[in-house]
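Visitor: Here are the chains, one letter per residue:
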Amino acid sequence: MGTADVLSIGLSGANVAKQALATAGHNIANANTQGFSRQRVETDTRQPQLSGVGALGTGVKTTNIKRIHNEFVTQEVLSNSSLANGLQTNYDFTSQIDNMLADPDAGLAPTLQSFFSAINNVSNDPASQSSRQVLIGEAKALGERFHYLDSRFESLRKGTNETLKSHINDVNNLAQSIADVNWKIVQSKEVVQGEPNDLLDQRDRLLHRLSEKVVVSTNEQEDGSLNVFIGNGQTLVLGKLASSLALKLNQHDPSELEVIYKSLGSDAVVTKFLKGGSIGGLLDFRSNMLDASQNELGRIAIGVSKSFNDQHHKGMTLHNKLGGDFFTAIDKSTPLTLTSKLNEGDYTLKTIITNTDNLTVSDYQLNYNNGLYTLIRNKDDLIVDEFSTLPHEIESEGFKIEFERGTKIVNGDSFMIRPTRVAARSFNVDIESANEIAAAAPVRIRTSVHNRGNVSPTLTNVKDVNAPSFTTMNGTLSPSITVRFIDEHHIELLDDKGKVIKSEQLDSQNRAIPATPAISGDPGSPATPAIPAQPASRNNTVESLAASSQDGDNKQSATNIESGIYYDAEMGLNLFPTPKGMNTGYNVQFTGKPKAGDTFVIEYNTDAAGSNINALELGALQEKGTLQNGTSNYNQVYSQLVSRVGSKTHELDVNREAQGILYEQSKAQRESVSGVNLDEEAADLVRHQQSYQANAKVISAASEMFDTLIGVLSR
Amino acid sequence: MTRISTSQMQENAISAMSKQHGKLSRTQQQVATGNKIFKPSEDPVAASRVVNMKSSLASIEQFQSNVDAARSRINLSEGVLDSVVESIQRVRELTVQANNDSQDSSTRKFIAAEIIQIQDGLLQLANTTDSNDQFLYSGSLSRFKPFSRNEAGGFEYNGDESHREIQISRSRRIAVDNPGSEVFLEVKNGNGTFSTSDQPDNTGTGIIDPGTATADYIDDTYAIVFDKSFAQYADPQKAGEIPLTYSVVDSQGMVLSKGIPFQSNKAIVFNGVHTAIKGQPNDGDIFIVRPSVNQDVFTTLEKLVGALQSKAPEASNNIGFHNAMNRSLIDLSQSLNNILEVRAGIGGRLNTLDSQENINEAYKLQIREILSNVEDLDFAEAVSRLNLELTGLEASQKAFTRIQDISLFNFL
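Top line first, the protein sequences correspond to chains A and B. The working numbering applies: residue 230 is where the first sequence begins, and numbers increase by one. The working numbering applies: residue 1223 is where the second sequence begins, and numbers increase by one.
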């Protein structure tokens, strides 16, 4: 062996040490580079030189610059990143609703309270114009609160769409970058032996960022390129080619964006398949939280307006008219029935709410095929009804679908039904003047001043203002009924032709005070003096008025409606329906002991500015369960929304935290494998420096050997 | 041994500190506001309970303000009724005074004049309005003046018979006013069951007592007829003289009793009617017992004034006057009793208001307490938690700086 060999060994060692020092330097330099994997120089002995005495070492060589990296750990990071980001995004948006509902100044509860307080004040003083004005003001404030909440939902929807747009943009950019890096990696592998470590890191980093947007799956090819898939198998990156996602307006509802996958001319809607990541989280928020909450707010708006209107209809205004719609009848006007723009037919349909109790917070899709309509509830993708003709009422869901216009419907045509979506923003006060508030009951019962018994009548309810009693002639009761006790157990009903009667005008002819006895003599006894008629009293006006009124037409035109209705003072009597089946839309209860001739008149409550009977009933709606089959009042349905959103947010918060920890752990695990530890690198630096010095010493030894040899020769 | 990268170490420390910061800021916010929860998501069940309880609380507060409204309206009515009672009592005193034979027709005219004043005053009281110019005693026809004189010179009622009610608790409504018909109109004349009267053409001096009804009273109009021809026998003491007898006839002409000897002030009893006639009726005089009918207060006064203003009561006419005074007195008592009854009802309702107010207040306290448990912060706990978290954060910060200082490079 020659001196050159020793020199060569020394050189090889110094080279390797230099490379190791460079690698350590690279590691130290990139200690804070995101996604950097530390590298290590792998060495091996060089081919030994065979000699007579054995195999003689020839030094060291670098076999590989290894990227310290664990594929499984990297995959863990990717999937946890998708899940964590999805939950985080969902939580971020959901908690905005949570905050909004909780804000004591922004929620529905305080305005509901003020509104009912105003009703109470009207009922305490029904004739007061100012308290009526305040009520209209509070009702408007309630409407504005509904609008405000709805506008917050809308701005969240807008925000969702904007964010979705930017995320889709990011995905497309990342896909392109990954495709580019793929190409570089393939090229590098063709040229250089060994792994292109930094390019691989770069690609992992891009993948990581992509996984923050949406769940991805990957497949590595033999040439080193990586194929990336999203959704249910759509290829986002194939080698050096990238596909793209785009947003498109929903076929039914132009305010909603759908994600489509673009590939070679055919677009596919993939909205439903995108899970995880910010995009998945957003889509999940939109369909499960935003839509449901906004629909629920709409359902509350419909419930409030419908039940309040129903009661308001049963009252009477200061103009002596039955109460109209207090709030806009949004149960009739607001359900959306959206026609797909892909429809080949030209049918448009209409949806009307039939039962607010059965309404769900879901949207529906109606598909037409071969003469059959199929109604699918979006919430659970369940077919809730199939039918072949319109109109059709879907009782279980609380609405009815009607044909509106059009000439034909074609197989494959579809419609989207949103029963409650836009109700909250359409919640408005319909009445304009304070006089239109129906605080009074439309029916009153007059008691004749001549009654001698102690029967007291009560208007127990006004059930149906669409009954003929109210509708035959506006502003009167048809018929206005005179109730007369024939004796203590029998009642007759007379039709008084709707004449409004003062109590002293009530029938006094029949008040059954027995006539003063006409004393006809006892047979065989002398004639008795004729007893004069009732003593004439100067100012017996009440009686004389009554007498004069009998000459009026109302008396003569009264016709018998029904006789012989049995009355029991112990039991009292609900007059309607009468034994012969007369029903009036309201009911009157009589209690107490009558005397023959006692008379009551049931008539329209004309001019009763001081009546607050209906205002009391309106006020009672605050506590009375009129919604959800009579189980909840207005405030309770709102608190249900609050708690539903609250618990959903809470659930997301818990999951987000758990998933966040998993994500952190997987990142930590990756770091622990691939991350740079500066102490370690410092030790390496020292080690390789020493190694370099040692090898240099070998070279110097070889050089001395050479010098010695030359010196001997030159001597 | 787990390998830890330098950046990871840093990240771990930073994320731990930021977590501690988060907790600290939340605790600090809690202490600052005194609230335990800020968002429904922090405790969804409590959040919905808070919404419901706050609404209940506001309802109760509304009920309390309704109680106040009810009380002020009832008080208004009570004040009016007090004046009404005073007026009627004054009229009664005047009537008793006028009934005294020491008065002559001129003094009675003065009394009549005062009663007319009182009547006008009463009419004004009955037409009292509230702060909204709505009449208090018109029932729900509150825009109409309840009582007015009509063309015929009598009185008419233009209200109705309804009560206004105010909601004073979730399940309780209380009537806050009485329609004028109940206060002034529906007053049974006579003794409340029947009224007694003489016939204007009676010639004797018989004055009939208003009488009382017993349980076996049968509702009918009766005539007590003095007719000697019904006499069954002659008075043995006053030989040959046919004693004065009376018979009772009902509205159907049925003779209930016949030829009963009359004695002044001796009870006359039939079909549940208990009365007596004082003085000496003449043969042919008739007294009527009639079921009571409603007679308004104003008409009662009007009749009284009429009697007082009638021609100077002489001889038998004087008897008619006393009979009229007696009727007026009993009618006045009826009016008074009726109003006192209404006022007692009002007193009862004021008591109800008081007790309901107490119940509402207690309920309010109870809800406040529960609400406070759910919503309010335990300050002692929160402050000690704040201290703990502060200490924790400081420790992490110190540890971080210490660890950051240590590096192998320091020694190279």
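Hints are not guaranteed to be accurate.
Below, in silico cross-link-like pairs of lysine-lysine (BS3-like), each with a Cα-Cα straight-line distance of 27 Å or less [claimed, not checked]:
no.	chain 1	residue 1	chain 2	residue 2
1	A	K822	B	K1410
2	A	K853	B	K1276
3	B	K1586	A	K853
4	A	K570	A	K629
5	A	K824	B	K1367
6	A	K413	A	K469
7	B	K1261	A	K387
8	A	K369	B	K1367
9	A	K550	B	K1367
Derived list of chain A stretches under chain B, where covered just means 3 residues or more per stretch with a C-beta under 8 Å from a C-beta of chain B [stated by the list, open to error]:
no.	region
10	233-245
11	896-908
It should be emphasised that the hints constitute simulated quantities derived from the structure, not laboratory data. None of these values were measured; they are calculated from a predicted model. Here a beta-carbon is modelled for each residue, glycine too, at the ideal position from N, C-alpha and C.
Visitor: Does each hint hold? Answer for all of them.
Guide: Verification of the supplied hints:
| no. | hint | result |
| --- | --- | --- |
| 1 | A/K822 to B/K1410 | 16 Å, holds |
| 2 | A/K853 to B/K1276 | 16 Å, holds |
| 3 | B/K1586 to A/K853 | 19 Å, holds |
| 4 | A/K570 to A/K629 | 22 Å, holds |
| 5 | A/K824 to B/K1367 | 30 Å, violated |
| 6 | A/K413 to A/K469 | 9 Å, holds |
| 7 | B/K1261 to A/K387 | 23 Å, holds |
| 8 | A/K369 to B/K1367 | 35 Å, violated |
| 9 | A/K550 to B/K1367 | 22 Å, holds |
| 10 | 233-245 | violated (count 0) |
| 11 | 896-908 | holds (count 10) |
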